[in-house]
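**Student:** Residue numbers (the working numbering), protein chains in the order written: chain V, 143 to 281; chain D, 143 to 643.
Mixed in with the good hints there might be a few duds.
Unchecked claim - One side of the interface only, derived from the structure: several residues of chain V facing chain D at Cβ under 8 Å:
#1 151
#2 153
#3 157
#4 184
#5 186
#6 190
#7 193
#8 200
#9 202
#10 227
#11 230
#12 238
#13 245
#14 261
#15 265
These are computed hints drawn from the structure, not numbers from a lab. Just so we're clear, the structure is a prediction, and the values are computed from it rather than from any experiment. Glycine included, C-beta positions come from ideal geometry on N, C-alpha and C.
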Amino acid sequence: MEEIVFDFGFVLTHYNYWMFVVLMMTGLYITVSRGNLVKKVVGLNIFQTAVFLLYVSMGKIVGGTAPILTGEPGTVYSNPLPHVLILTAIVVGIATTALALALVVRIRETYDTIEEDEIIALELAMDTTAKASAAGSER
Amino acid sequence: MLAMIEANLPALQVVLPMLAAPICAMLGRGARAWALTMVAVLLAFAVAVSLFVATLDGTIISYRMGNWAPPIGIEYRVDILNAFVLLVISGIALFVLPYARASVAHEISEERQPLFYSAFLLCLTGLLGVTITGDAFNIFVFLEISSLSTYALIATGAERNKRALTAAYNYLIMGTVGATFFVIGIGMLYMITGTLNLADLAQRIAEHGDSRTLRMGFVFILIGVGLKLAMFPLHLWLPNAYSFAPSAVTAFIAATATKVAIYVLLRFMFTVFGFDYDFQAATLRHVVLPLAIVAMFAASIVAVFQDDLKRMLAYSSIAQVGYMLLGLTFLSHTGLMASVIHLFNHAVTKGALFMVAGCYIFAAGTSSISSLRGIGRDMPWTTAAFVVAGLSLIGLPLTVGFVSKWYLVLAALELNWWPVALLIMASSLLAIIYIWRVVETAYLQPAPEGVVRKEAPLWMLLPTWGLAALSVFFGTYAALTTAAASRAASALISASNMLWQ
Chain V
143 MEEIVFDFGF VLTHYNYWMF VVLMMTGLYI TVSRGNLVKK VVGLNIFQTA
193 VFLLYVSMGK IVGGTAPILT GEPGTVYSNP LPHVLILTAI VVGIATTALA
243 LALVVRIRET YDTIEEDEII ALELAMDTTA KASAAGSER
Chain D
143 MLAMIEANLP ALQVVLPMLA APICAMLGRG ARAWALTMVA VLLAFAVAVS
193 LFVATLDGTI ISYRMGNWAP PIGIEYRVDI LNAFVLLVIS GIALFVLPYA
243 RASVAHEISE ERQPLFYSAF LLCLTGLLGV TITGDAFNIF VFLEISSLST
293 YALIATGAER NKRALTAAYN YLIMGTVGAT FFVIGIGMLY MITGTLNLAD
343 LAQRIAEHGD SRTLRMGFVF ILIGVGLKLA MFPLHLWLPN AYSFAPSAVT
393 AFIAATATKV AIYVLLRFMF TVFGFDYDFQ AATLRHVVLP LAIVAMFAAS
443 IVAVFQDDLK RMLAYSSIAQ VGYMLLGLTF LSHTGLMASV IHLFNHAVTK
493 GALFMVAGCY IFAAGTSSIS SLRGIGRDMP WTTAAFVVAG LSLIGLPLTV
543 GFVSKWYLVL AALELNWWPV ALLIMASSLL AIIYIWRVVE TAYLQPAPEG
593 VVRKEAPLWM LLPTWGLAAL SVFFGTYAAL TTAAASRAAS ALISASNMLW
643 Q
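Only chain D is shown next, with the shape it has when bound in the complex:
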């Protein structure tokens, strides 16, 4: 029995939340649906941990879906990189879900809650599926499963603010255009190679060499995934979607959805197209690098002038995606490592910050910064969590934000790109400004009279503090995450070196 479970772990990772989703929709009551979701997420997390432990020493687990041999059948391929991302996604879900109980009960009516939780499970299924699968078309299908359920989840915010509907609609239009571009790109690759298995694709592309079709395929995939991950000029859906979604949804998708898209980009760029693909290297250096730097500054500057806390954090997310893309463009081991570490670090930090925003909405009914005056005295625990996670966003030593910026700067200096290193540090100063604005309003300004604000309930505070504490823990004991990220980066590089040399 145990051996059978162990042999089928990669399938269980996706199937467990998927099976729980329809059952959840039939349960009819919020509390029961929540309990079932919690069980499914716990199991998914346990599976992710065991997959991570199994791949830590560099083993690659290849699982045949329905026992059809790859490259004909669909292969689930788990190496250290996607095991790490699986762990991040299911871990964040594990933190968001206890928080969601009170927050969702506050923001969404009772009869819709079972449907909400089943959409949440479907979204988790999609994200885990994108990460674990080794088949290009399968990635598209799972990407759309997660995106469609995300649109629905965002639209549930309409009970608090009707603008959630238009935000979800705009995200749907742009997300679908992005996904369709991605399919066109895969179609081009299929035309050249006649295969959809990622490992097989890589091999045949290396044999085939460069061609115009390959270049078109690369560009379509880059733009398609770029829309999903909010690469700078393609980010327009993100601010509204994050600000009007229910708090628990914002915390979950901000910490996972864009990270999974970054993973897809990493996988395609370094496993499929390979490290030494000249056209890709040129595109990264001349297009993605400037865009990433513009994102770091433009989005941070816009964040400084936002009045709504969730909106401010959303713009900051666009800037942080810029850091992750910047790490890719260095095309070096340290740069890749910085991207993978930042993927984890930003998930933890932004998750905590959006949870704090949700606590404010729960207790004070608003996340507008001007109405948070003096809230530091009424809600000391929540606001303290904001300060800790905020410091991590800025990148102060002993927090995870520092670790990722350290490796980014190191990667820039390795290549002697000191202007880029200086720009990384300069953009961190902008983060200080927008975080300080909130801290100053919360602690130093007097509270408006006649406003009663109570501390958020324990079950919302605990997950928030859990993530904030993690951001300090992994900032202090950085060796744990850096080791995993370093191995993931070497796995990506060695896989592509073998093919091209």
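Just chain V, with the same shape it has in the complex:
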């Protein structure tokens, strides 16, 4: 393992990774901390977008153009593979968001709320009534 030396120039030139870290942590924090089910989904989206950014920026080559054949031998291309991978990941992300929002709609219809703490309170109440009715049927 190499020694950890703080190199300001290195940090500055890799600012794309810092943006990835900040976005990823923002998204993850929203997903964990918000009680609103839709906001959680939005947080998840930001988290996933951060990963898309990580992939897209790692395919970039300094001075490279879009990977289209120009016929000139000296052209530098960006690596297209991570970009293509991320197209797939975006599709997966959209499917996940669609399913999550569909579930939120169903939850709103059955629970009449999309706040997590209210849902937990409702579910606790369901548990206690279920136990009370079970105790009642034993008698």
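Following the hints, position chain D against chain V.
**Tutor:** Leaving out everything else, chain D in the frame of chain V:
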């Protein structure tokens, strides 16, 4: 014609259920959709059997998707290990599906059944795809196909209990976070090596040696897959998801989804990172080993205090995942073998137990243990199947549970880790307590008056008994599974030895 089918078997394994899924959704009636699903599952099972037979002698089948040569193109790579896992997944699907007909008709309304079966097929596609593919990003895509359809399948339990919706939602949030962590890990590996093919990755990582990026990649993959397989502190989605899903879904995902995640972990740890990767060995010994042991005890103790049978079995699943992870951490041939055997054994045992819970829900309308009093007399066959599979969960001799615990203890003693061996046996005692609670309620307590409970229909009983019988059969003739598991373990070890030495 036959030669063409044989050459394309790895592709057919995934494509057959995938093509059947949209057709299934268009059929419009439950019975027709079920019949088509049955055909697709039968074909998938036949393909898995022929792949297993073809790889039994150690051949590795490499299939080029769309005839693009690896490592550029996507490669399907079948060796004895994933052929074994493919066989387990499609075999469990083959048992669950006949059972699902009556159970699903009871729990899900007629117009939703075609969609249910097409989600089931998609889930099967995803699980088979994760297992068969030799491409890291492909694993992520298939993992998400199976996970997304699993969320939908769990949410269909809402017709019986509306809490299935929140269970599915929470699983979706945690599962997606896990999958995204997995992608970040793959991204790190891609940064180092510039390849996504698993075999190619392994080679280039070995040439590259250790680095901080590699370590980060390893940790992200471990945590991402850990969320999917319910590794102890990341298991929070599992109890609700298993308890509120429809019975047939619980039986299917409990027996397959976590096992496939274990397979992914095995594949990454021993094929990609290699057996001798120091950082991995240290993480396994100092982080995964204690967590696995805590899971074995904490989850079993929580299981003892559950009132709902499905919930109790769900907690027991978390404990059993602990055993499989424990086998990995020994980093030895016997330990790996124990993990692979337990993967099969637990699939069979837990499948049978969750099917029994489904039979109770079908006949008595509930899986709450306190309301199952005296049910052993009303439903003798179902309850007897519970006893047989329960004994296997505890690990009594002549059942499969004994075989896996035997090899686990053996692996611990090989390393002179006798405290671990003692802990394995002690945690089995906890399984006796929670299984006995159910047996005692079902047989020794009087049935409540005025309750009519009939035996479950034949087509639910037969698959349940089929799996229970398998758990005894492979417990008695253990040589069949141990031979396959032993070869799979040697394949993993020899592949990584070649790279690092």
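**Student:** With reference to the structure, classify each hint as holding or not holding.
**Tutor:** How the hints compare with the structure:
Because the beta carbon of residue 151(V) sits about 19 Å from the nearest beta carbon in chain D, more than 8 Å, this interface hint is broken. A hinted interface residue such as residue 153(V) counts as satisfied when its beta carbon comes closer than 8 Å to some beta carbon of chain D; here the least separation is about 15 Å, so the hint is violated. Of the supplied interface hints, the one on residue 157(V) is violated, with its beta-carbon coming no nearer than about 17 Å to a beta-carbon of chain D, more than 8 Å. A least Cβ separation of about 12 Å between residue 184(V) and chain D goes past the 8 Å threshold, and the interface hint is therefore violated.
A hinted interface residue such as residue 186(V) counts as satisfied when its beta carbon comes closer than 8 Å to some beta carbon of chain D; here the least separation is about 6 Å, so the hint holds. The criterion of a C-beta within 8 Å of any C-beta in chain D is met by residue 190(V), whose closest approach is roughly 6 Å, and the hint holds. A hinted interface residue such as residue 193(V) counts as satisfied when its beta carbon comes closer than 8 Å to some beta carbon of chain D; here the least separation is about 6 Å, so the hint holds. Using the Cβ-Cβ criterion of 8 Å, the hint placing residue 200(V) at the interface with chain D is satisfied: the shortest such distance is roughly 6 Å.
Because the beta carbon of residue 202(V) sits about 12 Å from the nearest beta carbon in chain D, more than 8 Å, this interface hint is broken. Using the Cβ-Cβ criterion of 8 Å, the hint placing residue 227(V) at the interface with chain D is satisfied: the shortest such distance is roughly 5 Å. Taken as an interface hint, residue 230(V) checks out: its beta carbon lies about 6 Å from the nearest beta carbon of chain D, inside 8 Å. Interface restraint check for residue 238(V): the shortest CB-CB distance to chain D comes to about 5 Å, inside 8 Å, so the restraint holds.
Taking 8 Å as the C-beta cut-off, the interface hint given for residue 245(V) holds, the closest approach to chain D being about 5 Å. The restraint placing residue 261(V) at the interface with chain D holds, with a minimum CB-CB distance near 6 Å, inside the 8 Å limit. Interface restraint check: residue 265(V) against chain D, minimum CB-CB distance 6 Å, threshold 8 Å, status holds.
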